[in-house]
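Going line by line, the protein sequences match chains R and B. Just so we're aligned: the first sequence equals residues -1 to 234 in the working numbering. Just so we're aligned: the second sequence equals residues -1 to 234 in the working numbering.
Since the hints were made in silico from the structure, they are not lab data. All clues given are correct.
When chains are identical, the list treats them as one kind, so a pair holds in a single copy or across two.
Distance condition first, Cα-Cα at most 27 angstroms in a straight line; then the derived DSSO-like pairs of lysine-lysine:
1. Lys205 - Lys10
2. Lys232 - Lys83
3. Lys205 - Lys6
4. Lys48 - Lys37
5. Lys18 - Lys44
6. Lys205 - Lys232
7. Lys57 - Lys37
8. Lys37 - Lys10
9. Lys18 - Lys37
10. Lys18 - Lys48
Note that this is a predicted model, so its numbers are computed, not measured.
There are 2 protein chains.
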Amino acid sequence: MATIITGKNTIKEAITVGRKIFELYVQPGTNDEILELAKTHNIPVKELQKQEINNLLPKGHQGIGASVQDYAYLSLEDALAQPKKHRLYLMLDGVEDPHNLGAMLRSCDAFNVDGVIIPKNRSVQLNATVAKVSTGAIEHVNVIQVVNLSQTIRKLKENGFWIVGTDMDTPQTIHEMDVEADLCIIIGNEGRGLSRLVRDNCDYIVKVPMSGHINSLNASVSCALVLYEVYRRKGE
Amino acid sequence: MATIITGKNTIKEAITVGRKIFELYVQPGTNDEILELAKTHNIPVKELQKQEINNLLPKGHQGIGASVQDYAYLSLEDALAQPKKHRLYLMLDGVEDPHNLGAMLRSCDAFNVDGVIIPKNRSVQLNATVAKVSTGAIEHVNVIQVVNLSQTIRKLKENGFWIVGTDMDTPQTIHEMDVEADLCIIIGNEGRGLSRLVRDNCDYIVKVPMSGHINSLNASVSCALVLYEVYRRKGE
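Please model the complete structure; the sequences and the hints are all you need to start from.
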């Protein structure tokens, strides 16, 4: 199956890493650099006038689109088979906003996250918006789709992972995490936070220390602060 | 002038802090808690059926909207007149996405930022989308609108501020900032980064250390990582 993606960086990265691209759509006079790249990769190009490209592509397309092979998921088994010391996984417990997932994928690429686990239901999936917002990071992050988060947590624990939930309602801060271990950080839904069952299955819960009146952060911001804390303290 | 805002948290916070609310729009059977709050504040309420409220309000309204007094800006002079040791300002050099500004306002509230400076032109302004995404943080953060960023930087320097730009193209990291000082952190445009003139006027430039392939983060994520670093090291 194909997905139509847009955006200069996203498409450039897709070509560079060798994603299968069925056709490139471009508005003449724009995106010369990507056209050159497409030529060297023998990718079919269709020139479309402004009006046509506006009809075909969603807003914010930057004059370029591509029909590409769908983004694929890794299985948990395959992900766990990749050996590494002190693995860092991110689990999303009901994140809904594709902008958040896109921004999180950028942070995962930046801070050496080994896999992002998302449930098959009640969660945003990999799509064109996520790809665009990730500015190409989607090509570099392992995304693992699972059916059941509780079972996944059990399997991770069997594999030696510590399961660390994030929430404001806890005394422990991100600075108290033991980062010299296999870690799975869990970020909850944008409005409701962690689901009860997932929370109960965590080894411990941490918060980002903060002051202020609102006492919560954007989900992708929280996520980045926790991931960066692990990255910084591991000294990677 | 009035702005129509939506979202439970945004409206609850607006009522709580005493923002002038001309009228509340609510879908019967939803948002009972806010209706109670509105009653105690003598706010006129208009009940609208699902279809009517969908026509009136933008998507994602959560069954509630309010016509409120426009969000106001502070002048730089008034902001600087508020005495405080080691002030922390954030300057946005061409940030365009209201979702980014909304998320940044949440981080500013959380990490004790004393003022957010945005230019009058070529920048996102305070609006209903920013208010919604900020989940009420917009009510607690001083936003300063200025005409010219270079002149503003000069005035801040005269007032003892250190001007710290953020960019990937620099050897210095956020860990090398001197946080025991009046600081103004600058975040650039989502695609282009800092403008040339603003960059040239910075005292120094810092980056968030990272690995990976994409080598950049979402603007509101970068912003939060820098602000949190200052907050953490000040021990506030």
